[in-house]
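Participant: Chains A and B supply the protein sequences, listed in that same order. Sequential numbering from 1 applies to the first sequence in my numbering. Sequential numbering from 1001 applies to the second sequence in my numbering.
Think of the hints as simulated: they come from the structure by calculation, not from any bench. Hints may contain errors.
What the hints assert, rightly or not - Which chain A residues face chain B? A few, computed with CB under 8 Å, are given here:
| id | residue |
| --- | --- |
| 1 | Phe14 |
| 2 | Leu35 |
| 3 | Leu74 |
As the list claims (entries may be wrong) - Pair by pair, the computed Cβ-Cβ distance ranges are:
| id | chain 1 | residue 1 | chain 2 | residue 2 | range |
| --- | --- | --- | --- | --- | --- |
| 4 | B | Arg1116 | A | Ala57 | 29 to 35 Å |
| 5 | A | Ala19 | B | His1331 | 49 to 55 Å |
| 6 | A | Ala19 | B | Gly1069 | 35 to 41 Å |
| 7 | A | Leu39 | B | Thr1264 | 30 to 36 Å |
| 8 | B | Ala1065 | A | Ala57 | 53 to 59 Å |
| 9 | A | Arg26 | B | Ala1065 | 47 to 53 Å |
| 10 | A | Leu68 | B | Glu1144 | 18 to 24 Å |
| 11 | B | Asp1290 | A | Gly23 | 19 to 25 Å |
| 12 | A | Glu50 | B | Leu1329 | 39 to 45 Å |
| 13 | A | Leu74 | B | Ala1306 | 46 to 52 Å |
| 14 | B | Pro1160 | A | Glu50 | 40 to 46 Å |
| 15 | B | Phe1161 | A | Leu74 | 23 to 29 Å |
All C-beta atoms in this analysis are idealised placements derived from N, C-alpha and C, irrespective of residue type, glycine included.
Spelled out from the first residue to the last, the chains are:
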Amino acid sequence: MKSNQTEPQNEQTFEEALAELDGVVRALESGNVPLEQLLALSQRGNALAEFCDARLAAAESVLEQLTLSSDGELQTTRLQWVDDDDTDGDA
Amino acid sequence: MPELESTPEFGRTFFVSCFPTMNLFDDEPQALTVGELALHIRRIIEVDPILSDIAVEGEISNFKAHGSGHLYLTLKDEEASLRVVMWKSSAGRLNFRPSNGDRVIATGRVEFYGARGELSFICDSLRFAGHGAAMEALERIRAELAAEGLFDTSRKRALPFMPRVIGLITSPTGAVAHDVLSILRRRFPLARIVFIPAKVQGMDAAADLVRALSWAAALEELDVIIIGRGGGSAEDLWAFNDEDLARAAASFPRPLISAVGHETDYTILDFVADLRAPTPSAAAELVAPDIRDLAATIESLRGRAARAVEDDVTGWRERLDFLRARRVLTHPRDRLVLQRERVGELHRRIGLGARNRVKIERRLLASRHAELSALDPRRVLDRGYALVEKTDGKLLRAASETARGDELKIILRDGAIAARVE
């Protein structure tokens, strides 16, 4: 009965998860959480924190360039990051 | 100057006049070292009364206030330009802050630095003489846009806290794109970055920047855009003063960060932008939080959650203990005893009240009785008075009611006496 409540949904963004975590902490700190909900809420908070951590750990910027195709349509082209020195985007 | 005749060449005339000790009177001109030539030029300049104390008017460009306190700038007009140095001691006496485009009158002397082969104007004092023509045009555009409200702070949009898609418009060459992208990648790898190359310098740069902005505007998912370039002279940054670019930026559908040149450079785009970053690198730091700060935030929230749960549980326990310790729970019979005592007390008071009442009523009755008996005629006889009745039983009230020979009955306390009137 807790599984649908405590696990962050996959489609939840990092920002949403962080905002919800903030809300959970505030609720817990208010001291107004009924005892019956305390455990569930704290589990939810932990799951959100782990979800956020995992997102940060796995984060890798995507770099694209906006160009105009031959038929006049705007298109984004994925660029490779060049590690360390030089070359900004054309690689 | 007898040597004047020895050579008809003008330059040599001066040379001779300045270097009378050097032996250069051979027919074949002797080659000078560069240093000697530089020294010669320097001497010529130094002895010239005009060059040693002169005022020159022109427009400031390439203004640079060095950390040492010295000022470096170029003074120019349509035909020429002149490097100007103002030493710290003179710069300290300035009564205005020079900026690119200002028309000024500089007073000082010309010096030649042999080591760099450069002619410099050593400026002792600088007087403001008005804004340059380009600056006047710029001022006109700025005033117009300001009057239209495009610079109003109420128009400024807040940046998203965590942008998902960040646009970057700048030159594909040069260090700025590289710097901004690598900062973004390092600080905030959660974002998707869309790079839109554009010309940032030259005649058609403004139009190209407007084009790049229109492309960015078409990108639905874009959350925020950075538009900028690295440092340069006022002329290099001129495209960012363009009116069309300012209007395109003002009507851009998403928050826009301007990042042009150095901290001291201001362009019209900066005033229209939702946020002006002092440099492109600063823009990269302003557009999104640092992932390390986010990690720290999560850690802190996690800690607060744990403490809050602990506090909550402790709080509930304390409330429970407090209630449990109350006397009604620890000594439930207390209340019963108390109630019983109270009932007894009431009982007692009810009895007392009733008795008092009887006493009062009785006293009242006795007093009424006394009043009544005071009115009884027999009580009067007790005190020695007598009643006199005639034979018909009527009470005799006056002597005139009797006649001689009438029989009377005199009633006293203890009996009656028969009597006759004589």
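Participant: Run every hint past the structure and note whether it holds.
Facilitator: We went through each hint and held it up to the structure:
Interface restraint check: Phe14 (chain A) against chain B, minimum CB-CB distance 6 Å, threshold 8 Å, status holds. Taking 8 Å as the C-beta cut-off, the interface hint given for Leu35 (chain A) holds, the closest approach to chain B being about 5 Å. Hint status for Leu74 (chain A): holds, given a least beta-carbon distance of 6 Å to chain B, under 8 Å. Judged by the Cβ atoms, the range 29 to 35 Å given for Arg1116 (chain B) and Ala57 (chain A) is violated: they are separated by roughly 54 Å.
Look at Ala19 (chain A) against His1331 (chain B): about 51 Å separates their beta carbons, and that is inside 49 to 55 Å. A C-beta distance of roughly 50 Å is found between Ala19 (chain A) and Gly1069 (chain B), which places it outside the suggested range of 35 to 41 Å. The given range of 30 to 36 Å is broken by Leu39 (chain A) and Thr1264 (chain B), whose C-beta atoms sit roughly 58 Å from each other. Distance hint check for Ala1065 (chain B) and Ala57 (chain A): the Cβ-Cβ separation is about 45 Å, which falls outside the suggested range of 53 to 59 Å.
Between Arg26 (chain A) and Ala1065 (chain B), the C-beta spacing of about 49 Å keeps the proposed range 47 to 53 Å intact. Taken as a hint, the range 18 to 24 Å is violated for the pair Leu68 (chain A) and Glu1144 (chain B), whose Cβ atoms sit roughly 32 Å apart. At about 23 Å, the beta-carbon gap between Asp1290 (chain B) and Gly23 (chain A) stays in the expected band of 19 to 25 Å. Distance hint check: the CB atoms of Glu50 (chain A) and Leu1329 (chain B) are about 43 Å apart, consistent with the given range 39 to 45 Å.
The given range of 46 to 52 Å is respected by Leu74 (chain A) and Ala1306 (chain B), whose C-beta atoms sit roughly 49 Å from each other. For Pro1160 (chain B) and Glu50 (chain A), the Cβ-Cβ distance of about 24 Å falls outside the hinted range of 40 to 46 Å, so the restraint is violated. Taking 23 to 29 Å as the suggested C-beta distance range, the pair Phe1161 (chain B) and Leu74 (chain A) conforms, at roughly 27 Å.
Of the numbered hints listed earlier, those contradicted by the structure are 4, 6, 7, 8, 10, 14.
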